[in-house]
Amino acid sequence: PDLLVEAIKDAEIYSEILNVKSEEEKGLILSSSGQIGEMEYEMELEDLEDADLHGVATGPYSLLFLKAILKIAQITEKLKISLKTDHPLKMNFDLLEGGKLNYFLAPRVEEEEFNDDDMDEF
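The opening residue of the sequence shown carries number 80 in the working numbering; numbering runs sequentially from there.
Be aware that a few hints might be false.
Stated by the list, open to error - The calculated lysine-lysine pairs, modelled on PhoX-like cross-linking and capped at a C-alpha distance of 25 angstroms, are:
no.	residue 1	residue 2
1	Lys179	Lys105
2	Lys163	Lys100
3	Lys146	Lys157
4	Lys88	Lys159
5	Lys179	Lys146
6	Lys105	Lys88
7	Lys169	Lys146
8	Lys163	Lys105
9	Lys163	Lys146
10	Lys163	Lys179
11	Lys159	Lys179
12	Lys169	Lys157
13	Lys169	Lys150
14	Lys157	Lys100
15	Lys157	Lys179
16	Lys159	Lys169
17	Lys105	Lys159
18	Lys163	Lys88
19	Lys100	Lys88
20	Lys159	Lys100
21	Lys179	Lys169
22	Lys159	Lys146
23	Lys88	Lys169
24	Lys100	Lys169
25	Lys105	Lys169
26	Lys146	Lys100
27	Lys157	Lys88
28	Lys146	Lys88
29	Lys150	Lys179
30	Lys150	Lys88
31	Lys100	Lys150
32	Lys150	Lys163
Said to hold, decoys possible - Using C-beta positions, here's what the derived DEER-type ranges look like:
no.	residue 1	residue 2	range
33	Val135	Gly177	13 to 23 angstroms
34	Glu176	Gly116	34 to 44 angstroms
35	Arg187	Glu102	42 to 52 angstroms
36	Gly134	Gly177	12 to 22 angstroms
37	Lys105	Glu176	28 to 38 angstroms
38	Thr137	Glu176	17 to 27 angstroms
39	Gly177	Glu95	30 to 40 angstroms
The hints are simulated quantities; they were obtained by calculation from the structure and are not laboratory data.
As the structure is a computational prediction, the values presented were derived from the model and not from experiment.
All residues carry an ideal CB built from backbone N, CA and C; glycine is no exception.
Hey, can you work out the whole structure from these sequences and the hints?
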C-alpha cells in the first residue's frame with residue numbers, strides 16, 4: 080500500500096482524479112494530469128505480489144476518497160486491488176492483527192453538458 084499512498088500524494092498536485100490502468104503484460108499504471116503537469120507511476124509485474132491481470136482495465140477514481148480510504152494503510156499488511164473497466168475499484172485490506180476490510184469505490188463520472196435541444200428528448 081505504501082507505493083499507492085505515495086502515488087496519491089504526487090497525483091494530488093496535478094488533479095482530483097487518479098487514473099488506474101492494469102495491463103496484462105505491463106502491470107499497474109497510476110496516472111494523473113492537469114493544467115500544471117502530469118505524473119505516472121508504473122508498478123511492474125515483478126513489483127506486484129500475486130498479480131492476476133487479464134487484458135486491459137481502466138478507471139478514473141476520486142483522489143479525495145482514495146486518500147481517505149488509504150488512511151488504513153498504516154495498519155495493513157497486504158492490499159489486493161480488483162479493477163474492471165466501468166466498475167467500482169475493489170480494495171481488500173489484510174490488517175496486521177488478522178482482520179480484513181473491503182472497500183468499493185465507484186469510478187468518477189464526468190458531468191455531461193446539456194443544451195436546450197437535449198430537453199426535447201425528455
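Here is how each hint holds up against the structure:
At most 25 angstroms may separate the alpha-carbon atoms for a hinted pair to count; Lys179 and Lys105 exceed this at roughly 28 angstroms. Distance hint between Lys163 and Lys100 is fulfilled; the C-alpha atoms sit about 9 angstroms from each other, no more than 25 angstroms. At roughly 17 angstroms between alpha-carbon atoms, Lys146 and Lys157 fall within 25 angstroms of each other, so this suggested pair holds. A threshold of 25 angstroms between alpha carbons decides the hint, and for Lys88 with Lys159 the separation of about 20 angstroms falls inside it, so the pair holds.
Under the criterion of a C-alpha separation no larger than 25 angstroms, the hint pairing Lys179 with Lys146 is consistent with the structure, at around 19 angstroms. About 23 angstroms separates the Cα atoms of Lys105 and Lys88, which keeps this hinted pair within 25 angstroms; it holds. A threshold of 25 angstroms between alpha carbons decides the hint, and for Lys169 with Lys146 the separation of about 15 angstroms falls inside it, so the pair holds. Between Lys163 and Lys105 the CA atoms are separated by roughly 16 angstroms; this keeps the pair inside 25 angstroms, and the hint holds.
With a C-alpha separation of about 20 angstroms, the suggested pair Lys163 and Lys146 falls inside the 25 angstroms cut-off, and the hint holds. This hinted pair checks out: Lys163 and Lys179 have alpha carbons roughly 22 angstroms apart, not beyond 25 angstroms. Only pairs whose Cα atoms come within 25 angstroms are accepted, and Lys159 paired with Lys179 is accepted, the gap being roughly 11 angstroms. Restraint check for Lys169 and Lys157: the C-alpha separation of about 14 angstroms stays at or below 25 angstroms, so the hint holds.
Between the alpha carbons of Lys169 and Lys150 the distance comes to roughly 16 angstroms, so the proposed pair stays at or under 25 angstroms and holds. At roughly 20 angstroms between alpha-carbon atoms, Lys157 and Lys100 fall within 25 angstroms of each other, so this suggested pair holds. At most 25 angstroms may separate the alpha-carbon atoms for a hinted pair to count; Lys157 and Lys179 meet this at roughly 10 angstroms. As the CA atoms of Lys159 and Lys169 are separated by approximately 8 angstroms, the hinted pair is consistent with the 25 angstroms bound.
For a cut-off of 25 angstroms, the pair hint linking Lys105 to Lys159 stands: about 17 angstroms separates their Cα positions. The suggested pairing of Lys163 with Lys88 holds, with an alpha-carbon distance near 24 angstroms, which does not exceed 25 angstroms. With a CA separation close to 18 angstroms, the supplied pair Lys100 and Lys88 stays within the 25 angstroms bound. With a C-alpha separation of about 15 angstroms, the suggested pair Lys159 and Lys100 falls inside the 25 angstroms cut-off, and the hint holds.
Taking the CA atoms of Lys179 and Lys169, the gap is near 13 angstroms; set against the 25 angstroms cutoff, the hint holds. For the given pair, Lys159 sits about 16 angstroms from Lys146 by alpha-carbon distance, which is consistent with the 25 angstroms threshold. Distance hint between Lys88 and Lys169 is fulfilled; the C-alpha atoms sit about 20 angstroms from each other, no more than 25 angstroms. For the hint linking Lys100 to Lys169, the alpha-carbon distance of about 14 angstroms falls within 25 angstroms, and the restraint holds.
Restraint check for Lys105 and Lys169: the C-alpha separation of about 20 angstroms stays at or below 25 angstroms, so the hint holds. Note on Lys146 and Lys100: the hinted pairing holds, with a Cα-Cα distance of about 18 angstroms set against a maximum of 25 angstroms. Using a Cα cut-off of 25 angstroms, the hinted pair Lys157 and Lys88 holds, with the two alpha carbons roughly 20 angstroms apart. Between Lys146 and Lys88 the CA atoms are separated by roughly 8 angstroms; this keeps the pair inside 25 angstroms, and the hint holds.
Taken as a hint, the Lys150 and Lys179 pair is honoured in the structure, with Cα atoms around 15 angstroms apart against an allowance of 25 angstroms. Restraint check: the Cα-Cα separation between Lys150 and Lys88 comes to about 12 angstroms, which is no more than 25 angstroms; the hinted pair holds. Restraint check: the Cα-Cα separation between Lys100 and Lys150 comes to about 22 angstroms, which is no more than 25 angstroms; the hinted pair holds. A hinted pair counts as satisfied when its Cα atoms are at most 25 angstroms apart, and Lys150 with Lys163 qualifies at roughly 23 angstroms.
Evaluation of the 13 to 23 angstroms hint for Val135 and Gly177 yields a failure: the beta carbon distance comes to about 35 angstroms. A beta carbon spacing of about 40 angstroms between Glu176 and Gly116 agrees with the range 34 to 44 angstroms that was offered as a hint. Range check, Arg187 to Glu102: about 20 angstroms between beta-carbon atoms, so the 42 to 52 angstroms window is missed. The hinted window of 12 to 22 angstroms between Gly134 and Gly177 is violated, with their beta carbons roughly 34 angstroms apart.
Lys105 and Glu176 have their C-beta atoms about 34 angstroms apart, which keeps the hinted 28 to 38 angstroms range intact. Separated by about 34 angstroms at the C-beta atoms, Thr137 and Glu176 break the suggested range of 17 to 27 angstroms. At roughly 35 angstroms, the beta-carbon separation of Gly177 and Glu95 lies within the given 30 to 40 angstroms, and the hint holds.
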